[in-house]
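Peer 1: Work out the full structure, taking the sequences as your base and the hints as a guide.
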Amino acid sequence: MNFDLDQEHLDLAGGAREFLSAAASPAAARAALEEGTGVRPGRAELVKSGFATITVPESAGGGGGSVLQLAVVAEQAGRVLAGPSLVNFARAAVLLDGDADRLAGLADGSLGVAVVDDSGPVLDAIGADTFLALRDGALVCGPGAVTAREPIDPTRGLGDVALDETTVLVRDAGERWQRAERVGRTILAAEGLGAAARLLEMGVAYAKDRHAFGRPIGSYQAIKHMLVDVYVEVEQLRSLVWWAAWAAGHAPGELPLAAAAAKAAAATTLEHAAETVIQVHGGIGFTWEHDAHLYWRRAKVDRFLLGDDVAAFDEVARLAMEAAS
Amino acid sequence: MDFDDTPDEAVWRAEVRAFLEQHSGERPSDRDAARAWQAALYEAGFVGVAWPVEAGGLGGTLMQQAIVDQEMARLGLPALINLIGIGMCGPTVIVHGSDGQKERYLQRLLRADDLWCQLFSEPEAGSDLAGLRTRAVRDDDGGWRVTGQKVWTTLAHIADFGILLTRTDPDVPKHRGLTMFVVDMKAPGVTVRPLKQMNGEAHFNEVFFDDVAVPDAERLGEVGDGWRVALTTLMSERLSLGGGGTSIGPKPEAVARHVAERIGALSADRQVLARQQLGRGYVASLGARYTGYRQLSKLSRGELPGPEASAGKLSGTRSARDLTDLAVRVLGDDARVDGDTWQTMQAVLPGMAIAGGSDQVLRNIIGERVLGLPAEPRADKGVTFKESLA
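Those protein sequences? They're chains A and B, same order as listed. Counting in UniProt numbering, the first sequence runs from 1 upward without gaps. Counting in UniProt numbering, the second sequence runs from 1 upward without gaps.
Rather than coming from a laboratory, the hints here were simulated on the basis of the structure. It is possible that part of the hints are untrue.
Unchecked claim - Example chain B residues on the side facing chain A (calculated, C-beta under 8 Å, incomplete):
(1) Leu-278
(2) Arg-280
(3) Ser-315
(4) Arg-363
(5) Leu-371
(6) Pro-374
(7) Ala-375
Unchecked claim - Non-contacting residues of chain A with respect to chain B, defined by C-beta distances greater than 12 Å in every case (computed):
(8) Leu-163
(9) Ala-173
(10) Gly-174
To be verified - Distance windows between CB atoms, simulated:
(11) B:Lys-251 x A:Gly-109: 44 to 50 Å
(12) B:Glu-21 x A:Gly-249: 31 to 37 Å
(13) B:Asp-30 x A:Phe-213: 56 to 62 Å
(14) A:Asp-6 x B:Lys-251: 26 to 32 Å
(15) A:Glu-254 x B:Gly-59: 33 to 39 Å
(16) B:Glu-21 x A:Asp-108: 52 to 58 Å
(17) A:Asp-6 x B:Gly-142: 54 to 60 Å
The C-beta atom is built at its ideal place from N, Cα and C for all residues, glycine as well.
Peer 2: This is how it looks when you write it as structure tokens:
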């Protein structure tokens, strides 16, 4: 058994971290919130880096890599609240499978793709020009009019989309759509993992540094145990993300359960991490000035993307009962 | 990344499986049968796999041992009768025992000729183990006399020997005044009383020592070095639980099957709630299972599990309780009365969050040794054991 990242994955994570920590940051997320500046690194830079299109085939100009590789990058993106999300790239690569021209457009940045689910607002609709949707069981594609919505988390680019004329790309696309959604949930969970892991670091660092009643607050069990509970959840989320991402490439039969579990765990873990780390920071924790709320915003929005946690737990329960009986 | 065995592991697993499948019906009905089953398994080369050859073991790896454990669990074979000896006492003797002790005890332990128990916890020393009070004092001919009480001692009622942590010097700080011995459980002055737990069963015991003579040759490690020896035992406990990926309490799949059978009888709104509770418990147990696989991967690479392994027990007991609670709930009116597997399980699980390191102690271990948070100031630092009692 080797359920761990290989050296190749670790190198990839290192490269992604180097690029993303220079090209994006909580400060950039703050600027987007305060001044309405665009997300960082932004769609063009992300495409140029090659990281966003890892799962697009090499023949179309992508990386020809695995969902696991993309998940490794997505964790790094989540740490610095990078935008746009890698979720749309991941879903589009699955949905456009076999469509060489559009895949090439995705890979070279000439197509700005966002996937439209039944209920809006749509993730990273802002800045997108090409929309994919499921209509009467068919995969359709077309331009659309985007109305930006008042953001809780400005890095998620949420907007309502009114589709114009669409073209049918694949008629009987139900299964393809589901797989894309599951891969998308896996990548969303990977971004959540990165954000939650970064929050935990912030909380632990502050608990070591901040003193009360003559000693670091992290020495008090009341604080220590809260952070440990977050640590345990973060590590379990990491395991579920890896499992789901691995299953996407190697065990399609396990992907439905793994992706639903990862999505559900990401929603609850990131939210728990954000709430805990604000509490650990005390008075500074709930100020506008501190970065904690930028991550908290991410948590409060991500939990409702690609179905909410309630739906994901329900799906896990249904799949578990189905498999057991 | 993969979930497959390495070629060597696959060969070993096939060997283990071939043997175990011939014995898949093995459910020893009494103590002698359980001893005979362990002896048969030992003769076949599947007990003490990771122990050194000179200790009677196979000189194999922890991963090979984990594969044996997995295959036994897969066939539903019960734990070996001498599990405390194999997992904790034996490894301590291997590291700290004299040549004579190794000669006398180790192979007999692996064959279940002798059964072993671990005498650590006391009524006044649970999480704070180093605060224990059982005294060992030198007698005139260089041996020791032991007086005191131990508690929560698994298997003491059938054990032939135990490793016994005692206080030999109350006038030094408490971690420094301890000494470990091997004690003959049949010696005069040893009294064992079963201890009934809240579920009505008696898996543990109280053990009383009344001026029990222990020869100096049965000392395990140096005088005053008992804490270090005990840490070897506790580390071995972690290794013996290192076969990651197994569930604490009920298997989540079994709960899912049980809920699937019952859920149709619930009202629609109750069905929604039941699925939420199942989903949450199931995700938590999958998280623990796959985190366990990461531990197992470390073993497979020849690394040792670190303090982060405590997280599995911490979260495993929580999700086991949540899933069991649901399993009881869906019994409907029967949930109010005793008599089903699930009611029994619900009475066992509170103890799982305490035995082998309470949830709170595990959180301290993870917080301090994994996250690097500072320890709580202690009132017993820099004072002798005797002063700490004042």
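Peer 1: List, from low to high, the hint numbers that the structure doesn't satisfy.
Peer 2: none
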